[in-house]
Structure formats: structure tokens, C-alpha cells
Amino acid sequence: MKDIKITNTIRTLRFLDKEMTQQELAEKVGVTRHTIMAIEKGKYSPTLELAFKIAEVFNKPLEEVFTYEK
Amino acid sequence: MTTQEKRPIVFLTIDIITFLSYYMMLLNVYSSKVMSMGELPFWGASILLFIPIMIISRIVLYVLYSIMNSVVTKKEEDRFLTDEFGQLIKLRATRNFNNTFMIGFVITMGLLILGISITTMFKLLFLSIFAAFVVQNLSEFYYAKKSI
Numbered sequence: 001m002k003d004i005k006i007t008n009t010i011r012t013l014r015f016l017d018k019e020m021t022q023q024e025l026a027e028k029v030g031v032t033r034h035t036i037m038a039i040e041k042g043k044y045s046p047t048l049e050l051a052f053k054i055a056e057v058f059n060k061p062l063e064e065v066f067t068y069e070k
Numbered sequence: 001m002t003t004q005e006k007r008p009i010v011f012l013t014i015d016i017i018t019f020l021s022y023y024m025m026l027l028n029v030y031s032s033k034v035m036s037m038g039e040l041p042f043w044g045a046s047i048l049l050f051i052p053i054m055i056i057s058r059i060v061l062y063v064l065y066s067i068m069n070s071v072v073t074k075k076e077e078d079r080f081l082t083d084e085f086g087q088l089i090k091l092r093a094t095r096n097f098n099n100t101f102m103i104g105f106v107i108t109m110g111l112l113i114l115g116i117s118i119t120t121m122f123k124l125l126f127l128s129i130f131a132a133f134v135v136q137n138l139s140e141f142y143y144a145k146k147s148i
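Chains as they are written, first to last, in full-length UniProt numbering: chain X, 1 to 70; chain A, 1 to 148.
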């Protein structure tokens, strides 16, 4: 499997947001904890809709949560 | 182990139990049914019945498993395959199911040219369907474990 070039800061943002758990984030955006784990590890790139939902939870613009590395 | 990893293992067990029970039952009634129905209608009906039996068995046994699991662990069953990542895993596993069955089908047709009997052909088709279910469950487990 190719390495995904999209990185994210979800782990840090969760920590800064009162140490929010993966389960809590998953419930807020309507996916399973397994999906959040996969996104955090960079194994899976979420759809635009989910990416926006995650950014919205942290009140951050999308580019602060997800970055595309050239 | 997460629910996403446990579920394909449970389904694999259910599929093995269902397939073996159904196949044993088929072999038991084979002689009497072939005499009354004929060879081809018997195998045709057997394969047609196999798919709904497999689906019903999966639903019934998985519900039983979920209830038992909830009672034992006192935890509610997690949602599964309702989000985009779960759907992607399911799609890939289904692709592997289709590929496995197609390989089995092509091999069976090849062996038919070499002169195997109709009975053996249908037995091989059954085996292909079973192998496809096994591959589907193992793929789901693998993709969930590795997060694709």
C-alpha cells in the first residue's frame, strides 16, 4: 500500500481539547473509533465531508488539521 | 481486539458451521433425492437454497452471538460498517469474494473440459462458494487489523 501524503494533527488537537478520547471524537463526527484510529495513523484518508466535520469539532480550518505534503 | 476485527472471525465460524452442516445434509439426502428429482435439478436446487440459508444463518447466529456477547461483557454492541471506512473494507472484501469465486468457477469449467463428472462439478462449485466466503471474512479481518 502506498504511503499517504496527507498528514494530520488530530492527536495533538485531541490532547489540547481537554484530552478528548478517540471514542468521543468518533461519536461527534459519526464514525467508529476504528476509523479515527486509522486516520490518526495516516493509514486512511477521510472523505472531504468527514475531514470538514473533524475540523469543525476542533473549531479549526481544514488546513490546520490536514496537510498535504508534496 | 476491536468489534471490527471480531466480527469477521465470528462470521467465519458461522459460515464454516453452516456450510459443513448443509453439505453433510446434502450428502445424506443425495441418493434419495437424485432418484426422485434427477441429478441436475437436485444440484440446481441445492445451490439456490444454499445462498438464502447462508444469509439467514448469518443473521440468526450473529444476533444470538450479539445477545450472548452483550450479556457476558455487559457492553452494548458497537456500530459496524456504517461509516465510510467500514464501507471501504466491506467493498474490498466483497471484491475478494467475487475474485475467489470466479477463480473457482474458471477452474471448475477447465476441469469439466478434462472430463470430470457433473456431480464433481457441482461439488467444486460449492467449494468455490465456500472458499469465497472464507476469503471474504479473512479479508475483512486483515483490512480491519491493518487499517488497509
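It is worth saying that the hints were derived from the structure and are not from the lab. Yeah, the Cβ is synthetic: ideal placement off N, Cα and C, and Gly gets one too. Some hints here could point you the wrong way.
Each computed PhoX-like pair below joins lysine-lysine, with the alpha-carbon atoms no more than 25 Å apart [as the list claims (entries may be wrong)]:
1) Lys43(X) / Lys74(A)
2) Lys43(X) / Lys123(A)
3) Lys33(A) / Lys28(X)
4) Lys41(X) / Lys70(X)
5) Lys43(X) / Lys28(X)
6) Lys6(A) / Lys90(A)
Here are some, though not all, of the chain A residues that point toward chain X, as calculated from beta-carbon distances under 7 Å [unchecked claim]:
7) Thr2
8) Gln4
9) Asp83
10) Glu84
11) Phe97
12) Ser147
Against the structure, the hints come out as follows:
1. Lys43(X) / Lys74(A): With a Cα-Cα distance of about 31 Å, the restraint between Lys43(X) and Lys74(A) is violated, given a limit of 25 Å.
2. Lys43(X) / Lys123(A): 40 Å, violated
3. Lys33(A) / Lys28(X): 57 Å, violated
4. Lys41(X) / Lys70(X): Holds. Lys41(X) to Lys70(X) sits at ~18 Å (cutoff 25 Å).
5. Lys43(X) / Lys28(X): Holds, at about 21 Å.
6. Lys6(A) / Lys90(A): 14 Å, holds
7. Thr2: 5 Å, holds
8. Gln4: This hint holds: Gln4(A) lies near chain X, its Cβ roughly 5 Å from the closest one there, short of 7 Å.
9. Asp83: 4 Å, holds
10. Glu84: This hint holds: Glu84(A) lies near chain X, its Cβ roughly 6 Å from the closest one there, short of 7 Å.
11. Phe97: With a minimum Cβ separation of about 20 Å from chain X (threshold 7 Å), the hint on Phe97(A) is violated.
12. Ser147: Ser147(A) check passes; min Cβ-Cβ to chain X is 4 Å, inside 7 Å.
Consistency note: the structure conflicts with the earlier hints numbered 1, 2, 3 and 11.
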